[in-house]
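**Student:** Construct all of the structure, not just a fragment, from the sequences and the given hints.
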Amino acid sequence: MDERGRTFTAHGWRASGRSAAVEAGASETAANEHGRWSKNSTVGRSYERDRGELADHPMAKVAAKQQVSDSNQKGE
1 MDERGRTFTA HGWRASGRSA AVEAGASETA ANEHGRWSKN STVGRSYERD
51 RGELADHPMA KVAAKQQVSD SNQKGE
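Position 68 of the sequence shown, counted from 1, bears residue number 68 in the working numbering, the numbering being contiguous throughout.
It should be emphasised that the hints constitute simulated quantities derived from the structure, not laboratory data.
All of these numbers come straight from a predicted model, not from anything done at the bench.
Take the hints with a grain of salt, since some may be wrong.
So the derived label-pair ranges between C-beta atoms look like this [what the hints assert, rightly or not]:
#1 49 - 70: 31 to 37 Å
#2 23 - 72: 16 to 22 Å
#3 46 - 6: 17 to 23 Å
#4 10 - 74: 30 to 36 Å
#5 3 - 26: 28 to 34 Å
#6 2 - 39: 31 to 37 Å
A virtual CB, placed ideally from N, CA and C, is assigned to each residue, including glycine.
**Tutor:** Printed below as a string of structure tokens:
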């Protein structure tokens with residue numbers, strides 16, 4: 001439970017991870033592999049959420065931190 005009293009489910013973590021990966025430019029194949037869907041599955045798309053819906057989700061912060069780290073490693 002977070003400071004606002006919201007609970008987080010495994011399904012929510014999976015959806016936010018998929019959404020963050022796709023938003024960050026991951027291919028559908030890569031997002032499927034990460035979410036443990038088959039490479040050509042379209043099921044993962046149903047887990048994608050609108051960014052505004054996830055902006056306050058803890059995984060959004062993880063994704064943002066990873067993007068900064070990746071940019072630093074690439075020298076951007």
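**Student:** Now tell me if each hint is right for this structure.
**Tutor:** These are the hints, each one checked on the structure:
For the hinted restraint 31 to 37 Å between residue 49 and residue 70, the CB-CB distance of approximately 22 Å leaves it violated. Between residue 23 and residue 72 the CB atoms are about 19 Å apart, so this pair conforms to the stated range of 16 to 22 Å. Take residue 46 and residue 6: their Cβ atoms lie about 22 Å apart, and the range 17 to 23 Å holds. Separated by about 32 Å at the C-beta atoms, residue 10 and residue 74 satisfy the suggested range of 30 to 36 Å.
The beta-carbon spacing between residue 3 and residue 26, approximately 30 Å, falls within the hinted interval of 28 to 34 Å. One distance hint, 31 to 37 Å for the beta-carbon pair residue 2 and residue 39, holds here, with the actual separation near 34 Å.
Checked against the numbered hints given earlier, this structure breaks only hint 1.
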